[in-house]
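Q: Position chain B relative to chain A; hints supplied.
Order-wise, the sequence lines are chains A and B. Just so you know, we're using my numbering here: the first sequence kicks off at 1 and counts up by one. Just so you know, we're using my numbering here: the second sequence kicks off at 1 and counts up by one.
If you're looking for bench data, these hints aren't it; they were derived computationally from the structure. Be a bit skeptical, because a hint or two may be false.
[Stated by the list, open to error] Restricting the straight-line Cα-Cα distance to at most 25 Å, the calculated cross-link-like pairs of lysine to any residue (SDA-like) are:
id : chain 1 : residue 1 : chain 2 : residue 2
1  : B       : Lys71     : A       : Lys139
2  : A       : Lys158    : B       : Asp65
3  : B       : Lys124    : A       : Thr48
4  : B       : Lys71     : A       : Met1
5  : B       : Lys59     : A       : Asp218
6  : A       : Lys139    : B       : Asp183
7  : A       : Lys131    : B       : Cys158
8  : B       : Lys17     : B       : Glu189
9  : A       : Lys139    : B       : Asp98
10 : B       : Lys169    : A       : Ile133
11 : B       : Lys121    : A       : Asp58
12 : A       : Lys139    : B       : Lys170
13 : B       : Lys121    : A       : Lys158
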Amino acid sequence: MNKVVKDAIEAIVGIEDGMTLMVGGFGLSGIPENSITALVNSGVKDLTCISNNAGVDDFGLGLLLQKRQIKKMISSYVGENAEFERQLLAGELEVDLIPQGTLAERCRAGGAGIPAFYVPAGYGTEVAEGKEIRIFDGKPHLLEHALIADFAIVKAWKGDTHGNLIYRNTANNFNQSMATAGKITIAEVEELVPAGTLDPNQIHTPGIYIQRIFQGTDYEKRIERITER
Amino acid sequence: MALTKEQIAQRIARELKNGYYVNLGIGIPTLVANYIPEGVEVVLQSENGMLGIGPFPLKGEADPDLINAGKQTVTVLPGGSFFDSSASFGMIRGGHVDLTVLGAFEVTDKGDIASWKIPGKMVKGMGGAMDLVASAKNIIVAMQHTSKDGQSKLLKECTLPLTGVARVKKIVSDLAVIEVTDDGFRLLERAPGVTVEDIQEATEGRLLIEGDIPEMQF
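The shape of chain B in the complex, shown without the other chains:
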């Protein structure tokens, strides 16, 4: 069985380490906050200018001056802080954020990523994605392994406009956990009930399969 979005988020949450400052993108990455392992303390950064994102507000307590980068109302945790956009991207560019998790349309076996534009269809803009991709120390991509019609999204070359080149370190898809190495995609784990052959079939880019590939546990 391919992973659900919730399970993708749950698997990514296991990559969090105590003391990390983490930026979570819009979509599946936002769900990672629901699965932070017990005993692990992380601080979530939002690029519109805050550290210490808390849960969504209680009913009736939404504050128009307190939103995340997806423009959803949020709360701030004790120890949080606010700052302006240039300082926010200063901490991103300066390498102070330990981990960035974001979504993607396509990723290549060299770590290139396309995530912001579909020519002729979607011209919304890149927001902070290019800044995050170019500067984060560690980038994990949360994505579907194939498109709805079965085309691989883990490619040799991106077909869509790039967000950044050679920056992605790890991918958690609905089928697999994959590390991006100098030699291509290296298969680390497979989704429950998904075979190595299934993953090979769904991966257009170069896939390295070494030894037994463990199955993810949930």
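Isolated chain A (complex conformation):
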């Protein structure tokens, strides 16, 4: 049951042009830094990236955007990235903007075998265009479909050789739901330990969802908006 691979380069083997990836993180918090760097260096292109945000110009998914490796972004908020906006306005990049809770639930549903579900978010807005609307208890809801990715890439605080993961603070965010929704899920962790070391009561993502795990290195953990008292 040992799922450990050597590093990010080995972890991303099999990610090919045109594939759909889920990438965990919220802003720059909890993003899989090592895997993103490996993807940039691999030169893989025409990717569809499902990720809540698109990084900033020179960090996170912004690095893949700079190199024009992303064809389409599926996100809820992309406001921190000038290069993203430029490519979008120039028609070089497709974008599908999705309400954040709907995006999270579409990932969760993908991993949980629920092909579609109804939510009220977006009713009466452009998000509702072309979607089935159904009333439950007098309130209109939209039919939304599950998302599944060729590869999901997540970042955790601690992980073990079986792929069990623990996230830290708000760096959990989209990682936990995305970890369940990859045909292959890659986890990079700050601390990789032998199976049996982590308390089974504290596991956020059970190892069943993880196919490859590796010890990350040189985490920058950049802060987007340092705000102090």
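A: Leaving out everything else, chain B in the frame of chain A:
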């Protein structure tokens, strides 16, 4: 005198009730946390996955793994908790959050709200605003009553793309506190020194004025 942003936040804080779970949006709504009345205990929710948002960290203590939905570094209060995004929006969608405070570009007298997109100018995305607007039990909007060039933002119909329809319950603007009723905007309070006529002038949507309208006290 029209209210300052701080005063808008201060007035909204008076709507908080003991035991409330509250989601504060980015901008003026975030300032509401500075004016929580004495004796009122509320728990602040952040949609990226936490309950119990505390003050900003002390200098040098910012933690990259501990941010709010505006991506600012924060702290967690005793009794706080962390969870993933789908659970976070589960508690929002499930109606467990008592009050949502958010900003808006435009609001209508039917409670419609536009807050996320200016076509041709701004394409940042809606983030969690549509989920919050569609599901919150109670929504208060913090906003400026008019644009910089004097155009009303309290309208009959929104001109900008909608965030949600018929969901806003109350508005605290720089000029007034307004309740959204089945019959339109109902004027509840006016900013110090601002007259009912000033507010009527600045409001394009249907405005109901019943009896004496008290002046806000600060």
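Q: A separate judgement is required for each hint: does it hold in the structure or not?
A: Evaluation of the provided hints:
no.: 1; hint: B:Lys71 with A:Lys139; in the structure: violated (32 Å)
no.: 2; hint: A:Lys158 with B:Asp65; in the structure: holds (13 Å)
no.: 3; hint: B:Lys124 with A:Thr48; in the structure: holds (18 Å)
no.: 4; hint: B:Lys71 with A:Met1; in the structure: violated (37 Å)
no.: 5; hint: B:Lys59 with A:Asp218; in the structure: holds (24 Å)
no.: 6; hint: A:Lys139 with B:Asp183; in the structure: holds (20 Å)
no.: 7; hint: A:Lys131 with B:Cys158; in the structure: holds (22 Å)
no.: 8; hint: B:Lys17 with B:Glu189; in the structure: holds (19 Å)
no.: 9; hint: A:Lys139 with B:Asp98; in the structure: holds (18 Å)
no.: 10; hint: B:Lys169 with A:Ile133; in the structure: holds (24 Å)
no.: 11; hint: B:Lys121 with A:Asp58; in the structure: holds (23 Å)
no.: 12; hint: A:Lys139 with B:Lys170; in the structure: holds (20 Å)
no.: 13; hint: B:Lys121 with A:Lys158; in the structure: violated (42 Å)
The structure fails to meet hints 1, 4, 13 from the earlier list, while all remaining hints are met.
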